[in-house]
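A.B. asks: This is what each chain is made of:
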Amino acid sequence: MAIELLYFAWVREAIGRDGEAVEPPADVADVAGLIGWLAARGGGYAEALASAARLRCAVDQRFAPLDTPLAGAREIAIFPPVTGG
Amino acid sequence: MSARVILGEADFDAGAELARLEALGGGGVASFTGVVRGGDGLEALRLEIYPGMTLRALEDIVAEAERRWALLGVTLIHRHGPVPAGGRIVFVGVASRHRRAALEACAFLIDWAKSRAPFWKQEMFADGRSRWVEARAADEDAAAAWDASAEHGCP
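Chains B and Y are the protein sequences, given in the same order.
Position 41, counted from 1, in the first sequence is what our numbering calls 41; the numbers after and before it change by one each time, with no gaps.
One rule links them: number in our numbering = place in the second sequence (from 1) + 1000.
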């Protein structure tokens, strides 16, 4: 099933787009797996997503840990740690 | 409880926001205003948001403050887009019957707004350079400290 991806801040800049729809293979089970699968595309993806420790995510517009399963997710956002306030 | 949560690009009038809270009939109003620090050629901050999520995250933070403390009013205003050096970015105001709830809730609200809502700050310099601000561990620690004291508050 297609998942809508959104990228923010330097993740967005490195990838060069603010989002896209993807259909990851069945063996990509969680957000960390998704990040690794995207990073394997190389180029800006590899640059932005090489280090999962520098990334945070939201699943269906809620902050979530990177080991959150993809099953049932419609929208996943990948971004650096937030810096509001 | 009067809750006022605003996410927008426009500047705000902190004095008018305080007056609104003072009119609620409580004994105390506490507030925090965040201002863009200048220096080192910094011209502006640009704040990026997650359009589908940021406002709701701020509303959830205000709801959590209401759950923890007995409050008469909360105002949380957070700007996005470009904000020049010296400009206001964020305002937190809390009205309560007693000072402790107002002061604690105000500190909680700004701590969580810094690390529990999707904003990303980018520094824009006069010479054309820009740099994404890195999250500080101390900010996350300050937000997490309120998790540990979840049973605290609410007199």
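A couple of the hints might just be wrong.
Listed below are several chain B residues computed to face chain Y (Cβ distance under 8 Å; list not exhaustive) [unchecked claim]:
#	residue
1	ALA9
2	TRP10
3	TRP37
4	GLN61
5	PRO65
6	THR68
7	ALA73
8	PHE79
9	PRO80
10	PRO81
11	VAL82
12	GLY84
13	GLY85
By construction, these hints were calculated from the structure, which means they are not laboratory data.
Yeah, the Cβ is synthetic: ideal placement off N, Cα and C, and Gly gets one too.
A.B. asks: Is the shortest C-beta separation between TRP10 of chain B and chain Y less than 8 Å?
C.D. replies: 5 Å, holds
A.B. asks: Under the criterion of a CB-CB separation shorter than 8 Å, is PRO65 of chain B in contact with chain Y as hinted?
C.D. replies: At about 14 Å, which exceeds the 8 Å cut-off, the nearest Cβ of chain Y leaves the hint on PRO65 of chain B violated.
A.B. asks: Interface hint check: GLY85 of chain B, Cβ to nearest Cβ on chain Y, cutoff 8 Å. Holds or violated?
C.D. replies: 3 Å, holds
A.B. asks: Checking hints one by one. Is GLY84 of chain B an interface residue toward chain Y, by the C-beta closer than 8 Å rule?
C.D. replies: 3 Å, holds
A.B. asks: Tell me if PRO81 of chain B is really an interface residue toward chain Y, meaning its C-beta lies closer than 8 Å to one of theirs.
C.D. replies: 3 Å, holds
A.B. asks: Tell me if the interface restraint on PHE79 of chain B is satisfied: Cβ within less than 8 Å of some Cβ in chain Y.
C.D. replies: 7 Å, holds
A.B. asks: Does the CB of ALA9 of chain B sit less than 8 Å away from some CB of chain Y?
C.D. replies: 4 Å, holds
A.B. asks: Is the interface hint satisfied for PRO80 of chain B? The criterion is a beta-carbon contact with chain Y at less than 8 Å.
C.D. replies: Interface hint status for PRO80 of chain B: holds (7 Å vs cutoff 8 Å).
A.B. asks: Once the shortest beta carbon distance from ALA73 of chain B to chain Y is found, is it less than 8 Å?
C.D. replies: Hint on ALA73 of chain B: violated, closest Cβ of chain Y at ~14 Å, above 8 Å.
A.B. asks: Let's test the interface hint: is any C-beta of chain Y closer than 8 Å to that of TRP37 of chain B?
C.D. replies: 22 Å, violated
A.B. asks: Would the hint on VAL82 of chain B stand, with a C-beta cut-off of 8 Å toward chain Y?
C.D. replies: 5 Å, holds
A.B. asks: Hey, does the GLN61 of chain B contact hint survive, CB to chain Y under 8 Å?
C.D. replies: It holds, given that the least Cβ distance between GLN61 of chain B and chain Y is near 4 Å, below 8 Å.
Of the numbered hints stated above, those contradicted by the structure are hints 3, 5, 6, 7, listed in ascending order.
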